[in-house]
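Given only the sequences and the hints, what does the whole structure look like? Please build it.
Numbered per my numbering, the sequence shown spans residues 28 to 175.
Treat the hints as calculated values from the structure; they're not laboratory data.
Check the hints yourself; a few may be wrong.
If you anchor each label on the Cβ, the simulated ranges turn out as follows [to be verified]:
| # | residue 1 | residue 2 | range |
| --- | --- | --- | --- |
| 1 | Thr140 | Cys119 | 16 to 24 Å |
| 2 | Asp90 | Thr113 | 36 to 44 Å |
| 3 | Asp44 | Lys162 | 23 to 31 Å |
| 4 | Val39 | Thr61 | 15 to 23 Å |
All of these numbers come straight from a predicted model, not from anything done at the bench.
Glycine included, each C-beta is placed from N, C-alpha and C at the ideal position.
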Amino acid sequence: MPPYVIFDGTDVVWEADPGKFDSLYAARVEIARTATPYFNLYINNATASPSTGSIDLTIVTADTIPDGEIVAYVAILQDSLPGAYTTFMYICQEIYSFPVELTYPDTLDTIMTFSHTIPVQNMKTVVFVQDIDTKEVMQSIISPFEEE
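This is the structure in C-alpha cells:
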C-alpha cells in the first residue's frame, strides 16, 4: 500500500506513483505556507546536558483563536538512531503537552525542563500547537539543542 501524508493534521494526501511524491508533497507544503497562522512560536533557547534539557518557549497569538481545545506539544527527537537496515532520523523519544488558553493578543512564555538519555548532538525539539477538536496543526517549529 502506498504511503499517505497528513499535512497540518487535516489534509490527507495519497499518491500511488512514487515518481509524483516530490512534486505533490512540495505543492501541498507551498499551499500550507500561504495560510495565515493563528500563532507565532519562538524557541528562545534549547539547551541540554547529558541527562537534562531545557526549552525556553514563547507562544504569541497572531489572530483571533477559534473556540476549541487548543494544546501545545513539545516533542523531543533523536537523530542518527541505528536500525537493522538504515539509520533513523527524527525519532520521537518523549512528548509533552499543555493546554494553550490564550486569546488575541495574549502571549505565553514558559520554560520546560526534562530528563533524557539522548546524546545532545542528536537531539532536536519540535513544538506544535494543535486544535484537538479539528486536528488542525495551527503552527509548528523545530530546533536543535545546544550543549550546556
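If I claimed the Cβ atoms of Val39 and Thr61 lie 15 to 23 Å apart, would that claim hold in this structure?
Once the Cβ atoms are compared, 19 Å apart, the range 15 to 23 Å for Thr61 and Val39 holds.
Verdict for Asp90, Thr113 (Cβ pair) under range 36 to 44 Å:
Hint holds: Cβ distance 41 Å, inside 36 to 44 Å.
Kindly confirm whether 23 to 31 Å is satisfied by the beta carbon distance between Asp44 and Lys162.
Holds, since Asp44 and Lys162 (Cβ atoms, about 27 Å apart) stay within the stated range.
Tell me if the beta carbons of Thr140 and Cys119 are separated by a distance inside 16 to 24 Å.
With a Cβ separation near 18 Å, Thr140 and Cys119 satisfy 16 to 24 Å, so the hint holds.
Hint violations for this structure: none, all hints satisfied.
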